[in-house]
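Chemist: Sequence:
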Amino acid sequence: MGEMRQALSELKLLSAPGPDQIHGIALRHLPLMAKRALLHLFNRSAARCIVPKSWKVGEIIPLLKAGKPADKEESYRPVTLTSNMCKLMERMVARRLRTQVDPYMCEEQAGFSQNRSTVDPLTYIIGRLLKRKQGEKVGAVFIDYARAFDSVDHGCIIRTLEQYHVDPYLTRWVVNFLSNRTARVKVSNHYSSYRKFTCGVPQGSVLGPILFIITMNTLSVELRKIPGLEHAFFADDLTIMARGTDNAEIQRTLQAALDCISKWTTEHFMELSASKTKYTLFGQIKTDLLKLYVGEKALGEERYPKILGIELQPVKGMQKNIARVVQSARKQLLRLSAVSSSTWGPKAEITRPLYLALVESILLYAIPAWWKRTPPSQRKQLAQVQRKGASIISGVPSNASTEDLLREAYLQPLEITAAIRSIEYYLKAKTRGGLLAEGAKLQFDDDGTV
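Using my numbering, you'd call the opening residue of the sequence shown number -13 and step up by one each time.
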């Protein structure tokens, strides 16, 4: 019962129900007798390694990716709505599964892992790319998988679980969980016919992402064997890096990694998108200095790659990213100013949460990863956005002092918030050690100055 209580406390109450229309909040508030009956069902499912058929039925909702054209099929992310009862049991299974596989997991993978976020790979990658020795260059390849979650092979998942010595009863339950899954697409009130899926993991399930990163971990193990190569994962977003003063050596290392990735991808029945996989040579103004291939297809060069929401540039810091952040935040300020002004609109108690969600979330995204590399002139641009937001929240004229505006809006100066978050991250990373500590060392001074 303790495991079930824990799983119920983690159940998302506001998430959409699956085809059975059972809401999470209904499960949370079941009486004790009903919870015991549900636990009995879960125990029988685990003992017999059988997942009820109704739990394997899903409804796929196509969600448009941010900034993508709505008339392109590849612009949509297929999110599967599944039974909340199944998700509840998945949480219980996932907890046991993670306990058994965590000792085998490489720390380069930050996706779908407890106490990890995009800040981890970004801090490591940006630190490695920007903290170069005199004359040193860093070549980076940004790997793009085509429909990674939808194409991962079930047999490869099971072999990985067996390789990691997962308890046989858990493995058999996962086999049944993945087998004979069906789903239909829902758009507004229109439905497709049901289709059976023989590969992939359901996006929107609890176990799906965990099974995916467990499988991808075997690629991380292979990449670790390549001398001079560094890499970072966030789910299926993979960045490989090689550094040095000799372009030919960088190219050899990266090509060896690409050959390894291509071989692994073929063996796992997945597909690399060669047209979307790009490379950048950091620390070098000249272009077309590397010749890299995925199979027979040459990779294109991207001068200003965007990784996990952060825009990078080959030389001179983070100016492009700051300009993009300021532009995005100002667009949200226009939305905020459309519903509030100094003489009309909602009170500050309502406007402030809107500002924090729409604007400051953009200003502070992954800030420990790039704040240290931002000069005072660019920090001032960010502070000006916050100042404008404070004026909208408080209704105080914008010609008032910055200190008064922030005080009236109950906002902490951006520089202080950034410093606090950076110090907190530095201390967490140094405490946990390993790759996190190495990323913190690359990003911050040895004394932790931010």
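Simulated from the structure, these hints should not be mistaken for lab results. A couple of the hints might just be wrong.
Claimed, not checked - Cβ pair distances, simulated, as ranges:
{"id": "1", "residue 1": "K277", "residue 2": "R321", "range": "39 to 47 Å"}
{"id": "2", "residue 1": "S384", "residue 2": "I336", "range": "33 to 41 Å"}
{"id": "3", "residue 1": "G286", "residue 2": "D245", "range": "13 to 21 Å"}
{"id": "4", "residue 1": "G286", "residue 2": "I402", "range": "40 to 48 Å"}
Unchecked claim - In silico DSBU-like pairs for lysine-lysine, Cα to Cα no more than 35 Å straight-line:
{"id": "5", "residue 1": "K54", "residue 2": "K182"}
{"id": "6", "residue 1": "K374", "residue 2": "K306"}
{"id": "7", "residue 1": "K414", "residue 2": "K272"}
{"id": "8", "residue 1": "K262", "residue 2": "K182"}
{"id": "9", "residue 1": "K58", "residue 2": "K333"}
{"id": "10", "residue 1": "K211", "residue 2": "K317"}
{"id": "11", "residue 1": "K51", "residue 2": "K317"}
{"id": "12", "residue 1": "K306", "residue 2": "K182"}
{"id": "13", "residue 1": "K39", "residue 2": "K51"}
{"id": "14", "residue 1": "K317", "residue 2": "K306"}
{"id": "15", "residue 1": "K54", "residue 2": "K264"}
{"id": "16", "residue 1": "K333", "residue 2": "K366"}
{"id": "17", "residue 1": "K51", "residue 2": "K119"}
{"id": "18", "residue 1": "K333", "residue 2": "K262"}
{"id": "19", "residue 1": "K21", "residue 2": "K262"}
{"id": "20", "residue 1": "K54", "residue 2": "K21"}
A quick note: this is a predicted structure, and the numbers were derived from the prediction, not measured. Glycine included, C-beta positions come from ideal geometry on N, C-alpha and C.
Chemist: Now look at each hint and say whether the structure bears it out.
Modeler: Verification of the supplied hints:
The hinted range of 39 to 47 Å is satisfied by K277 and R321, whose Cβ atoms lie roughly 45 Å apart. In this structure the hint that S384 and I336 lie 33 to 41 Å apart at CB is violated, the actual value being about 20 Å. Between G286 and D245, the C-beta spacing of about 18 Å keeps the proposed range 13 to 21 Å intact. Restraint check, G286 to I402: a C-beta distance of roughly 42 Å satisfies the suggested window 40 to 48 Å.
Simply put, K54 and K182 have alpha-carbon atoms about 28 Å apart, close enough for the 35 Å limit, and the pair holds. A hinted pair counts as satisfied when its Cα atoms are at most 35 Å apart, and K374 with K306 qualifies at roughly 22 Å. Restraint check for K414 and K272: the C-alpha separation of about 38 Å exceeds 35 Å, so the hint is violated. This hinted pair checks out: K262 and K182 have alpha carbons roughly 29 Å apart, not beyond 35 Å.
For the suggested pair K58 and K333, the alpha carbons sit about 41 Å apart, so the restraint of at most 35 Å is broken. With a C-alpha separation of about 46 Å, the suggested pairing of K211 with K317 is violated against the 35 Å cut-off. Straight-line distance between C-alpha atoms of K51 and K317 comes to about 19 Å, which keeps the hinted pair within the 35 Å bound. Taken as a hint, the K306 and K182 pair is broken in the structure, with Cα atoms around 45 Å apart against an allowance of 35 Å.
For the hint pairing K39 with K51, the CA-to-CA distance comes to about 31 Å; that is within 35 Å, so the pair holds. Taken as a hint, the K317 and K306 pair is honoured in the structure, with Cα atoms around 17 Å apart against an allowance of 35 Å. The hinted pair formed by K54 and K264 meets the criterion: a straight-line CA distance of about 18 Å does not exceed 35 Å. Of the supplied pair hints, the one linking K333 and K366 holds, its CA atoms being roughly 28 Å apart against a limit of 35 Å.
Pair hint K51 plus K119 does not hold up; C-alpha atoms about 38 Å apart against a cutoff of 35 Å. Of the supplied pair hints, the one linking K333 and K262 is violated, its CA atoms being roughly 46 Å apart against a limit of 35 Å. Between K21 and K262 the CA atoms are separated by roughly 48 Å; this puts the pair beyond 35 Å, and the hint is violated. Proximity of K54 to K21 is assessed by CA-CA distance (about 43 Å); at most 35 Å being required, the pair is judged violated.
The structure shown violates the earlier hints numbered 2, 7, 9, 10, 12, 17, 18, 19, 20.
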